[in-house]
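Colleague: The chain contents come next:
2 protein chains.
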Amino acid sequence: MAVATITFADRLASEVERKQSQLVVGLDPNVDLLPIELRGDVARFCCGIVDAVAPHAVAVKPQLAFFEALGAAGIAAFDQVCLYAKRAGLLVIADGKRGDIGSTARAYSEAYIEGDPPRADALTVNPWLGRDSVEPFLGAVRRGGVGIFVIVRTSNASGDLQDAVLKDGRPMWHHVAELVDEWGSETAGETGLSSVGAVIGATHPRAVADARRLMPRTVILLPGVGAQGAAVADLTRAFQSGPASALVSASRSVIYAFKDAGSDYREAAGAEAARLKREIWAASGW
Amino acid sequence: MAVATITFADRLASEVERKQSQLVVGLDPNVDLLPIELRGDVARFCCGIVDAVAPHAVAVKPQLAFFEALGAAGIAAFDQVCLYAKRAGLLVIADGKRGDIGSTARAYSEAYIEGDPPRADALTVNPWLGRDSVEPFLGAVRRGGVGIFVIVRTSNASGDLQDAVLKDGRPMWHHVAELVDEWGSETAGETGLSSVGAVIGATHPRAVADARRLMPRTVILLPGVGAQGAAVADLTRAFQSGPASALVSASRSVIYAFKDAGSDYREAAGAEAARLKREIWAASGW
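Listed in order, the protein sequences are those of chains A and B.
The first sequence begins at 1 in the numbering used here and counts up by one.
The second sequence begins at 1 in the numbering used here and counts up by one.
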């Protein structure tokens, strides 16, 4: 059983190089926004997006909330989409922001990044319950092949917790960034990148630069581009640790591009993904 | 549509009085621990527990992670168990510790505490993403009939984030407790209790007393009794705001009681629930 498994970060790095892309397409299938003929078939909509963006993106990020809102049928759709995306050569980052303690955290880890094969290649994880809530996920990461992205500083405006000022004058999220750096120290692969990633909202360029400094080995996932208003050109510093050291995630601006473009949803998503991919690669400076 | 809906906290208070119970039974169906003949049927196991504990508990708390680990079939089981528990006269607290921003948070709220009827009466919510991540859930609470329990101070040992010391010398979780008190201020029902509850680990009796002081109107959900080692007698102060102002949650010690008792799992769960109910009521001083 001691098969050397390539780490998640190394798999990601190899795909980034091959596709010259650091684009992640978020799959947020809000039923009300789908093309009318697909409102009853979220899986088909998402698989259409996968076909369209597969040449341009390194990963898709299905947002579990939208699948959960559809009940058991939604979860079946989630599974179908994850499998379809993997077969299309995309990595799958399940965006669930899960976090709990003890046997419950183990159950979440088993649900998403364990199993043979696991449903997803990586899972977003909420750190609020502390180190021992993250430990079961770190166990899965250490066994190899999968990753996590810890929610460090999100793209929204309300920093009630993340920006709370600690005794030493730093914002709370800096403390979390240091924990992420520490948690990832054992998981660095051949590229030097750790498979314990971090989510940092792209809407705060200064925070992105701070995050890069605090977590030099960490793959930073940057949501907030597109519908949320962040500019790709402001993200250059995130890529200082290598071409795969940051990923830029766009959701609504890609999957609902047809609304502005007036064309087929796949065609519009493919065109927007191709455009974003080039823009991000240029901004990354690699 | 301006029908006056009884608040979650008032419904809870009325059930607490009627049953003279503040016991919540956690449904954590870890397949490996179920009676052998039920390992393929988590829903049947949980419904058996519901039958056994319904006379003694005010609510069940299905832990989503264990259902999610079983994929779409697990979610179908979750729905079946929630419906069964409601019909047995129990309130349902979905333990998902969800938290996200914008349209995603709305999707989580729709998934669990909206709809006609909603799948659950209340949902546990993770506050790490701040006020605007909690807002969609607060909207559902304000519309009436449902509640949330915000994760303030958990029962595990690692307080990396929750116990971080702020500039003013207080632990981070005190700041979150104040936010919960504020968020709940508009939702107080006739009993004076708010439907924005808080989760406080019962394993820290001093924290329980602090939590009561910081959140006088809040229903405090206290996990950690039983398998995690907290003593019911240490929890008296949590009940200072009324008989329904605190709930004590036990999971493994009830649902797996058959392992020590050597009897039918329902019989063992019912006996342990009855015992705990009496112990908690006595400790509550009401």
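Please note that the accuracy of each hint is not assured.
It does not matter which identical chain is meant; a pair holds if it fits inside one copy or across any two.
[Unchecked claim] Pairs of lysine to any residue, SDA-like flavour, derived with a Cα cap of 25 Å:
1. Lys259 - Asp168
2. Lys86 - Ala231
3. Lys259 - Ser103
4. Lys19 - Ala188
Don't read these hints as lab results, they were simulated from the structure.
Everything numeric in this text was worked out from a predicted model, so none of it was measured.
Colleague: If a hint holds in the structure, say so; if it does not, say that too.
Modeller: Structure-based check of all given hints:
1. Within a single copy, Lys259 and Asp168 get their C-alpha atoms no closer than 48 Å, and across copies no closer than 49 Å, so neither meets the 25 Å cut-off.
2. Taking the shortest Cα distances, Lys86 and Ala231 never come within 25 Å of each other, neither inside one copy (29 Å) nor across copies (48 Å).
3. Taking the closest pair of Cα atoms, Lys259 and Ser103 come within 25 Å of each other only across two copies (18 Å); inside a single copy the shortest separation is 44 Å, beyond that limit.
4. In this assembly of identical chains, Lys19 and Ala188 lie within 25 Å of each other by CA distance solely inside one copy; the values are 22 Å within and 55 Å between copies.
Comparing the model with each numbered hint stated earlier shows that hints 1, 2 do not hold.
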